[in-house]
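Novice: Chains as they are written, first to last, in the working numbering: chain A, 1 to 147; chain B, 1 to 147; chain C, 1 to 147; chain D, 1 to 147.
Since the hints were derived computationally from the structure, they do not count as laboratory data.
Just so you know, nobody snuck in bad clues.
Chain copies aren't distinguished; within one or between two, either way the pair holds.
Distance condition first, Cα-Cα at most 16 Å in a straight line; then the derived EDC-like pairs of lysine to aspartate or glutamate: (1) Lys55 <-> Glu119; (2) Lys55 <-> Asp129; (3) Lys55 <-> Asp77.
There are 4 protein chains.
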Amino acid sequence: MATIHAFERPLRIRFAHCDPAGIVFFPQYLVMVNSLVEDWVSDELGIPYSQLLMKRRTGLPTVSLSCEFTAISRMGDEVLLGLSVERLGQRSIGLQLGCRQGDEERFRMRQVLVCTSLESHRAVDVPPDLRNAIGRFIERHPSRGTP
Amino acid sequence: MATIHAFERPLRIRFAHCDPAGIVFFPQYLVMVNSLVEDWVSDELGIPYSQLLMKRRTGLPTVSLSCEFTAISRMGDEVLLGLSVERLGQRSIGLQLGCRQGDEERFRMRQVLVCTSLESHRAVDVPPDLRNAIGRFIERHPSRGTP
Amino acid sequence: MATIHAFERPLRIRFAHCDPAGIVFFPQYLVMVNSLVEDWVSDELGIPYSQLLMKRRTGLPTVSLSCEFTAISRMGDEVLLGLSVERLGQRSIGLQLGCRQGDEERFRMRQVLVCTSLESHRAVDVPPDLRNAIGRFIERHPSRGTP
Amino acid sequence: MATIHAFERPLRIRFAHCDPAGIVFFPQYLVMVNSLVEDWVSDELGIPYSQLLMKRRTGLPTVSLSCEFTAISRMGDEVLLGLSVERLGQRSIGLQLGCRQGDEERFRMRQVLVCTSLESHRAVDVPPDLRNAIGRFIERHPSRGTP
Numbered sequence: 001m002a003t004i005h006a007f008e009r010p011l012r013i014r015f016a017h018c019d020p021a022g023i024v025f026f027p028q029y030l031v032m033v034n035s036l037v038e039d040w041v042s043d044e045l046g047i048p049y050s051q052l053l054m055k056r057r058t059g060l061p062t063v064s065l066s067c068e069f070t071a072i073s074r075m076g077d078e079v080l081l082g083l084s085v086e087r088l089g090q091r092s093i094g095l096q097l098g099c100r101q102g103d104e105e106r107f108r109m110r111q112v113l114v115c116t117s118l119e120s121h122r123a124v125d126v127p128p129d130l131r132n133a134i135g136r137f138i139e140r141h142p143s144r145g146t147p
Numbered sequence: 001m002a003t004i005h006a007f008e009r010p011l012r013i014r015f016a017h018c019d020p021a022g023i024v025f026f027p028q029y030l031v032m033v034n035s036l037v038e039d040w041v042s043d044e045l046g047i048p049y050s051q052l053l054m055k056r057r058t059g060l061p062t063v064s065l066s067c068e069f070t071a072i073s074r075m076g077d078e079v080l081l082g083l084s085v086e087r088l089g090q091r092s093i094g095l096q097l098g099c100r101q102g103d104e105e106r107f108r109m110r111q112v113l114v115c116t117s118l119e120s121h122r123a124v125d126v127p128p129d130l131r132n133a134i135g136r137f138i139e140r141h142p143s144r145g146t147p
Numbered sequence: 001m002a003t004i005h006a007f008e009r010p011l012r013i014r015f016a017h018c019d020p021a022g023i024v025f026f027p028q029y030l031v032m033v034n035s036l037v038e039d040w041v042s043d044e045l046g047i048p049y050s051q052l053l054m055k056r057r058t059g060l061p062t063v064s065l066s067c068e069f070t071a072i073s074r075m076g077d078e079v080l081l082g083l084s085v086e087r088l089g090q091r092s093i094g095l096q097l098g099c100r101q102g103d104e105e106r107f108r109m110r111q112v113l114v115c116t117s118l119e120s121h122r123a124v125d126v127p128p129d130l131r132n133a134i135g136r137f138i139e140r141h142p143s144r145g146t147p
Numbered sequence: 001m002a003t004i005h006a007f008e009r010p011l012r013i014r015f016a017h018c019d020p021a022g023i024v025f026f027p028q029y030l031v032m033v034n035s036l037v038e039d040w041v042s043d044e045l046g047i048p049y050s051q052l053l054m055k056r057r058t059g060l061p062t063v064s065l066s067c068e069f070t071a072i073s074r075m076g077d078e079v080l081l082g083l084s085v086e087r088l089g090q091r092s093i094g095l096q097l098g099c100r101q102g103d104e105e106r107f108r109m110r111q112v113l114v115c116t117s118l119e120s121h122r123a124v125d126v127p128p129d130l131r132n133a134i135g136r137f138i139e140r141h142p143s144r145g146t147p
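Required output: the full structure, derived from the provided sequences and hints.
Specialist: Structure, rendered in structure tokens:
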């Protein structure tokens with residue numbers, strides 16, 4: 001059974017995602033998931049991701065991740081990518097992510113992002129507007145915010 | 001002035017598309033354009049691209065292309081990718097493609113695809129259903145079909 | 001302190017590996033590591049990876065991985081990618097992988113690969129020649145084979 | 001017959017370069033070629049590419065390119081990537097590039113790079129040290145410098 005996440009977006013599996021075995025090349029899942037985080041920040045939290053990076057010079061690099069690839073995805077599959085918040089720390093954000101087609105889970109992942117200054121590449125506090133928006137997101141989706 | 005193509009799709013420029021200069025890394029435009037061709041075949045022509053490849057074992061590799069990068073695109077830009085048919089040959093398809101944001105052209109390209117057998121990697125005739133669907137597409141968009 | 005792995009290969013960090021923050025985009029580490037596994041199989045174990053896949057139709061997809069990104073890598077850095085065997089199972093191979101520049105660890109990862117038939121995408125036994133070659137590799141590097 | 005270029009580097013075609021048809025996905029050729037240009041600037045011209053970009057804030061984006069894909073490359077192929085200078089302008093550099101395996105040409109390309117300020121993304125003169133180094137390269141390989 002696949003987890004239904006608090007924030008989900010549809011995606012079509014592309015030729016460019018697939019390898020000579022005809023299935024998604026696993027690093028491509030991480031590219032997809034990175035775009036999902038962008039959409040979540042920009043569209044769901046209401047904080048334009050590109051401005052966060054390029055104007056405010058605040059990055060959200062990954063410090064750790066773990067993934068399980070539970071079923072294959074093939075070119076042309078229409079899947080859902082999903083994201084829930086597992087933990088909101090002082091300087092970091094713990095996410096649960098996944099990919100499913102209907103009930104079938106294709107991929108699940110836990111990922112920790114850390115807020116950094118793009119000038120120093122050092123960790124900084126999660127900016128207040130981002131923190132507040134994540135807090136409201138957790139309130140709207142309580143079962144996901146308290147794992 | 002940007003060309004308005006017969007088939008257009010919106011795209012958000014992603015973090016993953018951009019390079020250390022903060023702008024789209026040019027090979028990423030070609031990945032985007034490849035997905036546009038997939039969508040055109042599947043959604044506009046009504047021939048599932050993944051079945052064409054994986055079941056019917058007919059590929060559409062690129063034999064030549066030329067591009068001009070006329071303005072930069074940055075992370076977060078919402079652009080339109082577009083495609084028109086320039087020429088439909090016995091075994092090949094000539095396309096014009098582009099990327100624009102409103103009136104501003106970012107990128108334009110000409111590309112020749114050839115139909116091949118994925119078993120032999122040799123050129124084969126454009127399959128009749130694909131040929132007919134492209135013919136109807138050109139009829140619906142005549143100014144693009146006669147360059 | 002970075003782990004010195006049993007099999008190491010140098011790599012230059014490229015423009016194409018880096019993101020708008022000017023550092024390696026994390027999915028690119030997984031692409032690098034995938035090529036390291038290829039080189040290990042082909043060059044160290046003596047079993048041409050491309051033949052394993054394309055002729056023998058045996059794949060080595062990833063079923064799980066976990067990574068920690070411990071320091072950033074920038075364009076132009078000359079790093080070492082490394083691999084050790086953690087566990088050799090009936091149908092799977094557990095690897096430890098890493099990236100270092102001298103003593104500084106940039107990235108470490110554990111990855112489980114499973115042998116599959118590329119026809120059915122089902123798990124199959126590790127082929128005898130691959131099993132024997134991995135066994136000899138572990139013997140040559142005993143501290144890595146018994147974690 | 002494949003062109004033998006003034007600057008050549010070996011490359012192994014990787015799993016990650018290849019598509020579900022089992023051959024190089026064409027945008028991957030452009031990623032390869034981009035790395036070749038980096039190596040040419042850093043190793044042959046003696047100007048560290050990463051410093052040119054990140055410290056001196058001078059980029060070399062592509063303004064136009066044209067490619068012909070003349071034969072397929074498969075995973076495991078050991079190829080040569082090559083580069084010659086076609087034209088050195090005030091603000092731009094015209095290159096000829098290619099990929100061959102022995103006598104067999106796989107890919108050929110013409111590409112125009114322009115020097116830009118990474119602050120303004122506007123064209124600037126080719127810096128004197130880069131201009132001089134390219135001039136000496138052309139002198140060492142005269143037949144390529146006068147197309």
